[in-house]
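J.: Use the sequences and the hints to build the structure in full.
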Amino acid sequence: MNFPEAITAADLAAQLNAKCIGNSEIKIVGINEIHRVEDGELTFCDSSKYIKKALASKATAILVNELFEAPQGKVLLLVDKPFDVFTALSKELRGDIGCAEMVSPSAKVGEGTVLMPGVFLGKNVTIGQDCFIHPNVTIYDGCCIGNNVIIHSGTVIGADAFYYQRSPQGFKKLNSSGTVRIEDDVEIGASCTIDRGVTSETVIGKGTKIDNMVQIGHDTVIGQNCLFASQVGIAGVVTVEDDVILWGQVGVQKDLTIGKGAVVLGQSGLAKSLKGGITYFGSPVREAREKMKELALIKQLPAIIEELKR
Amino acid sequence: MNFPEAITAADLAAQLNAKCIGNSEIKIVGINEIHRVEDGELTFCDSSKYIKKALASKATAILVNELFEAPQGKVLLLVDKPFDVFTALSKELRGDIGCAEMVSPSAKVGEGTVLMPGVFLGKNVTIGQDCFIHPNVTIYDGCCIGNNVIIHSGTVIGADAFYYQRSPQGFKKLNSSGTVRIEDDVEIGASCTIDRGVTSETVIGKGTKIDNMVQIGHDTVIGQNCLFASQVGIAGVVTVEDDVILWGQVGVQKDLTIGKGAVVLGQSGLAKSLKGGITYFGSPVREAREKMKELALIKQLPAIIEELKR
Amino acid sequence: MNFPEAITAADLAAQLNAKCIGNSEIKIVGINEIHRVEDGELTFCDSSKYIKKALASKATAILVNELFEAPQGKVLLLVDKPFDVFTALSKELRGDIGCAEMVSPSAKVGEGTVLMPGVFLGKNVTIGQDCFIHPNVTIYDGCCIGNNVIIHSGTVIGADAFYYQRSPQGFKKLNSSGTVRIEDDVEIGASCTIDRGVTSETVIGKGTKIDNMVQIGHDTVIGQNCLFASQVGIAGVVTVEDDVILWGQVGVQKDLTIGKGAVVLGQSGLAKSLKGGITYFGSPVREAREKMKELALIKQLPAIIEELKR
Numbered sequence: 022m023n024f025p026e027a028i029t030a031a032d033l034a035a036q037l038n039a040k041c042i043g044n045s046e047i048k049i050v051g052i053n054e055i056h057r058v059e060d061g062e063l064t065f066c067d068s069s070k071y072i073k074k075a076l077a078s079k080a081t082a083i084l085v086n087e088l089f090e091a092p093q094g095k096v097l098l099l100v101d102k103p104f105d106v107f108t109a110l111s112k113e114l115r116g117d118i119g120c121a122e123m124v125s126p127s128a129k130v131g132e133g134t135v136l137m138p139g140v141f142l143g144k145n146v147t148i149g150q151d152c153f154i155h156p157n158v159t160i161y162d163g164c165c166i167g168n169n170v171i172i173h174s175g176t177v178i179g180a181d182a183f184y185y186q187r188s189p190q191g192f193k194k195l196n197s198s199g200t201v202r203i204e205d206d207v208e209i210g211a212s213c214t215i216d217r218g219v220t221s222e223t224v225i226g227k228g229t230k231i232d233n234m235v236q237i238g239h240d241t242v243i244g245q246n247c248l249f250a251s252q253v254g255i256a257g258v259v260t261v262e263d264d265v266i267l268w269g270q271v272g273v274q275k276d277l278t279i280g281k282g283a284v285v286l287g288q289s290g291l292a293k294s295l296k297g298g299i300t301y302f303g304s305p306v307r308e309a310r311e312k313m314k315e316l317a318l319i320k321q322l323p324a325i326i327e328e329l330k331r
Numbered sequence: 022m023n024f025p026e027a028i029t030a031a032d033l034a035a036q037l038n039a040k041c042i043g044n045s046e047i048k049i050v051g052i053n054e055i056h057r058v059e060d061g062e063l064t065f066c067d068s069s070k071y072i073k074k075a076l077a078s079k080a081t082a083i084l085v086n087e088l089f090e091a092p093q094g095k096v097l098l099l100v101d102k103p104f105d106v107f108t109a110l111s112k113e114l115r116g117d118i119g120c121a122e123m124v125s126p127s128a129k130v131g132e133g134t135v136l137m138p139g140v141f142l143g144k145n146v147t148i149g150q151d152c153f154i155h156p157n158v159t160i161y162d163g164c165c166i167g168n169n170v171i172i173h174s175g176t177v178i179g180a181d182a183f184y185y186q187r188s189p190q191g192f193k194k195l196n197s198s199g200t201v202r203i204e205d206d207v208e209i210g211a212s213c214t215i216d217r218g219v220t221s222e223t224v225i226g227k228g229t230k231i232d233n234m235v236q237i238g239h240d241t242v243i244g245q246n247c248l249f250a251s252q253v254g255i256a257g258v259v260t261v262e263d264d265v266i267l268w269g270q271v272g273v274q275k276d277l278t279i280g281k282g283a284v285v286l287g288q289s290g291l292a293k294s295l296k297g298g299i300t301y302f303g304s305p306v307r308e309a310r311e312k313m314k315e316l317a318l319i320k321q322l323p324a325i326i327e328e329l330k331r
Numbered sequence: 022m023n024f025p026e027a028i029t030a031a032d033l034a035a036q037l038n039a040k041c042i043g044n045s046e047i048k049i050v051g052i053n054e055i056h057r058v059e060d061g062e063l064t065f066c067d068s069s070k071y072i073k074k075a076l077a078s079k080a081t082a083i084l085v086n087e088l089f090e091a092p093q094g095k096v097l098l099l100v101d102k103p104f105d106v107f108t109a110l111s112k113e114l115r116g117d118i119g120c121a122e123m124v125s126p127s128a129k130v131g132e133g134t135v136l137m138p139g140v141f142l143g144k145n146v147t148i149g150q151d152c153f154i155h156p157n158v159t160i161y162d163g164c165c166i167g168n169n170v171i172i173h174s175g176t177v178i179g180a181d182a183f184y185y186q187r188s189p190q191g192f193k194k195l196n197s198s199g200t201v202r203i204e205d206d207v208e209i210g211a212s213c214t215i216d217r218g219v220t221s222e223t224v225i226g227k228g229t230k231i232d233n234m235v236q237i238g239h240d241t242v243i244g245q246n247c248l249f250a251s252q253v254g255i256a257g258v259v260t261v262e263d264d265v266i267l268w269g270q271v272g273v274q275k276d277l278t279i280g281k282g283a284v285v286l287g288q289s290g291l292a293k294s295l296k297g298g299i300t301y302f303g304s305p306v307r308e309a310r311e312k313m314k315e316l317a318l319i320k321q322l323p324a325i326i327e328e329l330k331r
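As you go down the protein sequences, you meet chains Y, E and G in turn. The numbers in the first sequence follow this note's numbering, run straight up by one, and end at 331. The numbers in the second sequence follow this note's numbering, run straight up by one, and end at 331. The numbers in the third sequence follow this note's numbering, run straight up by one, and end at 331.
No lab work stands behind these hints: they were computed from the structure. As the structure is a prediction and not an experimental result, all values here were calculated from the model. No false leads were slipped in.
To spell it out: a stretch of chain Y is covered by chain G in this simulated footprint if at least three of its residues, at any positions, have a beta carbon under 8 Å from a beta carbon of chain G; those stretches are:
{"hint": "1", "region": "171-180"}
{"hint": "2", "region": "204-210"}
{"hint": "3", "region": "314-324"}
What the simulated footprint calls covered on chain G by chain E, stretch by stretch (three residues with Cβ under 8 Å from a Cβ of chain E suffice, anywhere in the stretch; the number is not a length):
{"hint": "4", "region": "134-143"}
{"hint": "5", "region": "168-180"}
{"hint": "6", "region": "205-216"}
{"hint": "7", "region": "226-238"}
{"hint": "8", "region": "319-325"}
Ideal Cβ placement from N, Cα and C applies to all residues, glycine included.
T.: Structure representation (structure tokens):
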């Protein structure tokens, strides 16, 4: 993590209210913890146990709370609480503590999970461990995210189902009282929308990877290790079994099942269920092999008709 | 509205600087106003007029500013200003007061309307009553939203028209000096984009419901009680009359009219205006009945040609 | 920049702790700097050098720090520091200083560039001069934006590539260590996603204009002065040469080249490279002229077959 610009040890010491021991003109370019620290960087040591390691590290500057002689080419910055000073500096450099108030107090977030600025977590949202939620992601009330999940910016998890009843007074909205469950090891691209269930859960199965701008409707259940390319749209109440691949801009109507291992080529449109293990293409979709034959035939039509006329 | 975890009346009293009267070990799980309050919850009473009702309610704890004996199974928390304490607690629990500075001071927001965190309202935006604007919605300067409108997260209302003039120096941008008007009872899904007019208004008519990721271009006028499924894209200067249904991923070119009650099936592409009251399909679009016949015919082509050749 | 409502000079003076010289009943409608100020507006002058210009300007009110006689139809507001008062007023009116903490300290932003609220800039992002970044835009670490660039709300620049390797344990993510470079004079619509390169740059060439909800994959290089309509999706590692036009909902597979000046009509799907200077249509795409002939022929099929049968 680098400073906006390199800074002399003297200036950094002044900023941190530290006493500077050693060459105060040395330039410091950033901060790093002791296992990763490089030339030009500042690390910290708050225990005499680690001081040898710190002094032997590549660090150019070390925050310490005891007095040592600075080794050649290193500078020590003496403060009361090296860890606290280092942490504060790290927060300042990350600059991502903003908008923390966008997380509902009833949300539960696991250890190692990073929430970037602008992330909104509604009431009773739960997020597992070691997830990375990128800036400006919105997760509505009650949604449940597993471990090791990555969600990219702009994505919206848990918006209401598109579900109305026509009445003489216009459309009546049916409440979405379900939720969204995202299992472990899922990655969701930027600007996706995954709606909550009406009465049940919308599920994204373990290990499934979803590209940008993918829409997944209410109560749809996606299996494990699926791959959906950008701009795929899946309506509500669809079942997608494991290992299914949908390429870009594929559209899937509501209430269908796509069998295990099916592959659907780009821009195809599904109005009926598909058996697994087969590759499909077209709108309306057909087996890709047949569709390709049909396309070849259509190309030959002018010649065929010409000949027949003769 | 629940606390992150149930809390004893004693701990809550300490947190609120209140005097605790009654069983201080009772657990409080959340807060609720007097008409809705349930077992385990805290409510408030700031007028002797309502104290009977409060004492007779299901509330487990009551914020009061006068001394009463706590009825069996209830606890009273004595503070100077019950309403203020309750409101502060409510704000804290909602956690949605963040980013309030993202609302321009010239924006006008009607009674009963909820702006969630991360909502941006530009200059002179007006929003009617009883709307719900979900987190991270952006509404550009001057847009006008009616009553009972719901807008889901990530949606952008009022971005500039996609409108350029080619010149030897590249594309010249034409300013979008129009706006967007959204009438009463409209619901707009997550991550939609509705551009402002170039000189006039882009309009979404009363009662129309729009799913996620729908694009609506500049100066387009949508009628009442229309239904647009996810990933529909409508270009600029289109007129969509009342009661039109567009299914998923339909694309509409600029400058067309779609007649009242027309239904367009998924992935269709419109390059010309459509009469109302008819169902359409295909890209380019045709009457669905004809298109279905054509598709059936194409499927029989191999057999037909085979026979003719013989 | 206008006040929510016009305000009398007397009220404004009271609000600013200023002494009001001249007609205190004059209405002030907003603020503007000296080169742009109009009737009814307030400007400021903090140097005797500019006082003549200020007094001769169209301004109705002027913040000054020296005593002058107010000319006919003008009012002076005397304060200690006109510039500071004007700046504070401007910030208050813009209301867009919120969430400033969403900008990494290592980001560099050029003069004249406006960052609206909710904008996130990651580490080492650089943005040139005179750009306008609309609310709730996310720019990931290390992305580089040129001069005179406009990015509309909800757009995400620099999310990770959709790039996995299948393994017995599920998909392994390949790190995206590249970045995104957006050249001068580009405009990007609302809710677009432009992924970072895996090892290299994703590039948007000078003067190219992109509509809403357009997806551009990793390591794709877009030329100059291209035009992409809404909901276009371009996969990774594609080369789009200069002056290419893609209409709405066009899909482009990975690893292709689209030649200079090609035009691709709406909803077309590209699975192979295209020569420049030609208009294309269809999914799979063909030259538009051929595709149109084919469509006409298909429409005549019933009649032709009927006749042949006879």
